[in-house]
Amino acid sequence: MYLNSLFTELTMIVRCFILLVSYTGYLQGTEQASRIVGGSYTSIEQYPYQASLQRNGHHVCGGSIISNTWILTAAHCIRNYSHTVFKVRTGSSYYDSGGRLTSVACILVNENFDLITLDYDIAAVELTRPLAFNSHTLPIALATRAQVLRVGQVATVTGWGTTMSSGTLSRRLQKVDLPLIAWADCLKSYVEHPITERMLCAGHLHTGGQDACQGDSGGPIVLNGKLIGIVSWGFGCALPSYPGVYTRVLYFRDWIEYNTNL
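For what it's worth, numbering that gives the first Met the number 0 labels the leading residue of the sequence shown as 0, then goes sequentially.
Derived by calculation from the structure, the hints in this document are not laboratory data. As the structure is a computational prediction, the values presented were derived from the model and not from experiment. All C-beta atoms in this analysis are idealised placements derived from N, C-alpha and C, irrespective of residue type, glycine included. A hint or two may mislead.
[To be verified] Computed spacing ranges between beta-carbons, pair by pair:
id, residue 1, residue 2, range
1, Asn-67, Glu-191, 36 to 44 Å
2, Arg-99, Val-150, 22 to 30 Å
3, Gly-151, Leu-100, 33 to 41 Å
4, Thr-83, Leu-114, 35 to 43 Å
5, Pro-129, Asp-176, 41 to 49 Å
6, Ala-131, Pro-193, 40 to 48 Å
7, Gly-97, Ala-145, 31 to 39 Å
8, Pro-129, Glu-256, 25 to 33 Å
9, Thr-83, Asn-111, 18 to 26 Å
10, Gln-146, Leu-186, 18 to 26 Å
11, Val-84, Arg-149, 14 to 22 Å
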């Protein structure tokens, strides 16, 4: 039992080291984070799986608690960085106070992540110590194959991102409800940018007005209590004809389970 546990731990350390070496080769680029526009204030008790990913003391992205030691986020949030510069705040409606701030033991970026197209935009963050679950801190269940996504279904996005393009972060957690958009319609919106089977889209295609925005990247989009996507990218914020694009969690369920022992 001890040997198996030791082998698993050593394997994880090696895997984290390999990924860190692989991704330090990227040049620093413009943060392609997303954020909430047209939403409303909410509380962590309503969305206890929400986490704030912080780099050198500053909120940079959202995340979702999937177990007492693992947070799911977007790969573009943690590319190029050592795990030592990150901490995760959980259990608070505010990204800069309250709850618990935990150091990061390891970051795992999907090996196929493409910084240009933002395909495979998913990463897992391991905490240095387990979270204590309570009414403010709980894991979110992952999407399953039994959960059929239909156009028009309304999903919820949460985060501390800016409330307008190029604005400032919201200290207090916000939420916005967005309808799912047909994959074919999303393709038409982003003719020059590949929308792959690993992505899903949500928003008000014709009117805009509500969306994720800078600072929300890596955070959850949830439908019927299941994590269906991760805030990934989009053109501007809440603009007509340009819905938000999310990493499709179901596609990566096996990857998540394998790497986190979920």
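Comparing the hints with the structure gives:
The beta-carbon spacing between Asn-67 and Glu-191, approximately 42 Å, falls within the hinted interval of 36 to 44 Å. One distance hint, 22 to 30 Å for the beta-carbon pair Arg-99 and Val-150, is violated here, with the actual separation near 39 Å. Separated by about 39 Å at the C-beta atoms, Gly-151 and Leu-100 satisfy the suggested range of 33 to 41 Å. Range check, Thr-83 to Leu-114: Cβ separation about 21 Å, and the 35 to 43 Å hint is violated.
One distance hint, 41 to 49 Å for the beta-carbon pair Pro-129 and Asp-176, is violated here, with the actual separation near 32 Å. At roughly 42 Å, the beta carbons of Ala-131 and Pro-193 sit within the given window of 40 to 48 Å. Between Gly-97 and Ala-145 the beta carbons are some 36 Å apart, a value that agrees with the proposed interval 31 to 39 Å. Evaluation of the 25 to 33 Å hint for Pro-129 and Glu-256 yields a failure: the beta carbon distance comes to about 18 Å.
Taking 18 to 26 Å as the suggested C-beta distance range, the pair Thr-83 and Asn-111 conforms, at roughly 25 Å. Remark: the range hint 18 to 26 Å for Gln-146 to Leu-186 is upheld by a beta-carbon distance near 23 Å. At about 40 Å, the beta-carbon gap between Val-84 and Arg-149 misses the expected band of 14 to 22 Å.
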